[in-house]
Each structure stands twice: as C-alpha cells, then as structure tokens.
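Novice: Based on the hints, put chain B in the right spot on chain A.
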Amino acid sequence: MSIFDSIKRLFGGAGASDDNGRGPGRVAGTRAAEGAEMISCEQALRLVHDFLDGELGDVPAEQVRRHFEVCGQCYPHLKLESAYREAVRRAAAGQEAPDALKDRVSQLLTEARASD
Amino acid sequence: MTGKAKDPLAGFDEEALPHLDAVYRFALRLSGAPDQAEDLVQETFLRAYRSWDQYTRGTAAKSWLFTICRNVFLRSRERNKRHDEIVEENVDRSGAGANPVNPVWVAAIGADPEGDFFDSIVDGKIVEAIEALPEEYRMAVVLSDVEGLPYAEVAELLDVPVGTVKSRLFRGRRRLQEVLYDYAVEMGYISERSALNES
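Chains A and B supply the protein sequences, listed in that same order.
With the first sequence counted from 1, adding 26 to any position gets you our numbering.
With the second sequence counted from 1, adding 21 to any position gets you our numbering.
If we strip away everything but chain A, and leave its shape as in the complex, we get (with noise of 0.2 Å):
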C-alpha cells in the first residue's frame, strides 16, 4: 500500500468527507477554531513525521489527523512530506540482491550446515 493510500485511509474515518483532501471546507490558519482539542500549526508541523511513521505515542492521532484535515496552510506539508517518503521508497527499497551473491550464500550455508 502507498503512503498516499495510507493517508487516505487516516483520512477517512467516519465523517471525513471524501474530497482527497482539498475540499472546498479546508481553511487556512485554523490553529484556534476548533475547539481545546484543536493542536497549533507549529504542533502539527513538529508531529508530522511521528504522524506518518505511525509514532506518535501519548498523543492522539485523531488530533494530529483533524489539523492537517482542516488547514489549508499545513496540509500539503503532508503532502510534501508523504511523497517525498513515497520516493525514496520507491527508488531504493526495490533493490535485489544479485543472483550470484543468493547462490553464494545459499551455498556457504549449505557448507556451514554440513560442518555442524
């Protein structure tokens, strides 16, 4: 699954629109309009990448998911930030093993078993 599956995934839990994230309810600067439990765009900026690594600890992810839901100004940061993630993936988790290197080592374990 791609990042950008995993985001639309976090983004839509019950009641998320689906607008893939640009809806026309996104406003900019929302740091004080939703509420106590609203975080400020310096905390969702310091929280995206605990948000996209999935480590966020103690704090709610629903709250981190709501900031970045609603503000225009901080969400393609996420954006930014997951296809940059979704690159490097991409370019060097592909990379094989060459077929000599696998015969070898399947070799010197055969070796390493038949000395035991």
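To be clear, the hints were calculated from the coordinates, so they are not data collected in a lab.
Bear in mind the structure is a predicted one, so any value in this text is a computation, not a measurement.
We put the beta carbon where it would ideally sit given N, CA and C, even for glycine.
Hints may contain errors.
[What the hints assert, rightly or not] Taking lysine to aspartate or glutamate pairs in the DMTMM-like style, the calculated list, with each CA pair at most 20 Å apart, reads:
| id | chain 1 | residue 1 | chain 2 | residue 2 |
| --- | --- | --- | --- | --- |
| 1 | A | 128 | B | 203 |
| 2 | A | 128 | B | 35 |
| 3 | B | 146 | A | 122 |
| 4 | A | 128 | B | 36 |
| 5 | B | 83 | B | 137 |
| 6 | B | 83 | B | 35 |
| 7 | B | 83 | B | 203 |
| 8 | B | 83 | A | 84 |
| 9 | B | 83 | B | 133 |
| 10 | B | 83 | B | 144 |
| 11 | B | 83 | B | 99 |
| 12 | B | 83 | B | 174 |
| 13 | A | 128 | B | 34 |
| 14 | B | 83 | B | 59 |
| 15 | B | 146 | A | 112 |
| 16 | B | 146 | B | 64 |
| 17 | A | 128 | B | 60 |
| 18 | B | 146 | B | 60 |
| 19 | B | 83 | B | 60 |
| 20 | A | 128 | B | 199 |
| 21 | A | 128 | B | 59 |
| 22 | B | 83 | A | 68 |
| 23 | B | 83 | B | 180 |
| 24 | B | 83 | B | 64 |
| 25 | A | 128 | B | 180 |
| 26 | B | 146 | B | 203 |
[What the hints assert, rightly or not] A few chain B residues that don't get close to chain A, going by computed Cβ distances all over 10 Å:
| id | residue |
| --- | --- |
| 27 | 59 |
| 28 | 63 |
| 29 | 78 |
| 30 | 155 |
[Said to hold, decoys possible] Computed beta-carbon distance windows for the label pairs:
| id | chain 1 | residue 1 | chain 2 | residue 2 | range |
| --- | --- | --- | --- | --- | --- |
| 31 | B | 96 | A | 87 | 50 to 56 Å |
| 32 | A | 83 | B | 78 | 26 to 32 Å |
| 33 | A | 133 | B | 92 | 19 to 25 Å |
| 34 | A | 141 | B | 39 | 40 to 46 Å |
Specialist: The following block gives chain B in isolation, referenced to the frame of chain A:
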C-alpha cells in the same frame, strides 16, 4: 527457543533468508560499494546462522540481521579506519528546537503542493542522494524510510537513544529533501519560487 534441534537450517530458511535482499540493500548503503556489500552479506548470513540459537523465533529477524551486518561492517571499518563526517548532535534531540516549517516545502508549495516533482526524479538519482548523506543520517533514513523499521528498532540497532534516531532522521530527511528539490529545479521538474514570496 531454537530452530536448530532437527534441521539447523529449517528455521533459517523461513525467517532469515527472505531478508537477503533487504540485508544487501542495507550493506550497500553502509559500505557504498557493491563488492564490499556482497562480502558483508555473506559474512552476515554465516554469522547469523552460527548464532541462530540466540535468535528468538518469530521476532524481528530483519532488525537482527541488520544488527549483525552493521557490527560486521563496523569491525571491518575499524581495521582500515576511515571515518565519515561526524554529525554533531549536541544542540537538540528530535529536532525539537528546530524550525518545524520545512523551508524546502515552503519553496515547493507554490509550484507543486502535491510533490509531483518527485515522480520525475529517476530512482538512481534518489539512491545517489541517499548514498551521499553522512553515515549517521544515511543509516537512519535507510532503516526508517526505506526499510520501514520502527524508531525503537532503529535505536536498538544503531545503539543510540530513540531521540537520537529522531534527530538524525529529521536532519537526514531535510538534507535529502533539499538535494532532491534542488535537482528537480535544476532539471526543470519544478519551477523555483522564492520562499519569501510563499509565506
């Protein structure tokens, strides 16, 4: 818990060998040289096999193999000492004191808020940029962003606190993002905007 009782390689085949590609990638990023990476992989799997009885079946095999690989690498490097750039980490952990607004994104948002320019960058260029990172940053980025390990496993593997992992990730990502953004501008994948005009 040991997989060695009946067939010493049985558990190994199931749990360790599937990670051979990942260990190779890790070794490649550690050493920066394919032939050295191949030596590292062979030594890693041989050692892993020999200490298979110390591994608890069903736990984090990939991290365990990465740890062995890193230890083998560090030991070999000790022999022909050539240290990478030392990353200073005394200012703050986890980037807590750093500006949370990423200047690269501020520059990119006006022209490409979705980050589509990343799709235009060829894989080889991204790998090259990862390999150009200082070792401490490179390891954190590879283990987290490429291999998807949780912070705690990265911390254990690198033998540093989780805060240090976050700090290295923060700096490594920013540096990599800056390099890739500059490259995209240079190649015309994204038009350059002044950060000042976007805020």
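Novice: Enumerate the violated hints, using their earlier numbering and listing them in ascending order.
Specialist: 1, 5, 7, 8, 9, 10, 11, 16, 18, 20, 22, 25, 27, 28, 31, 34
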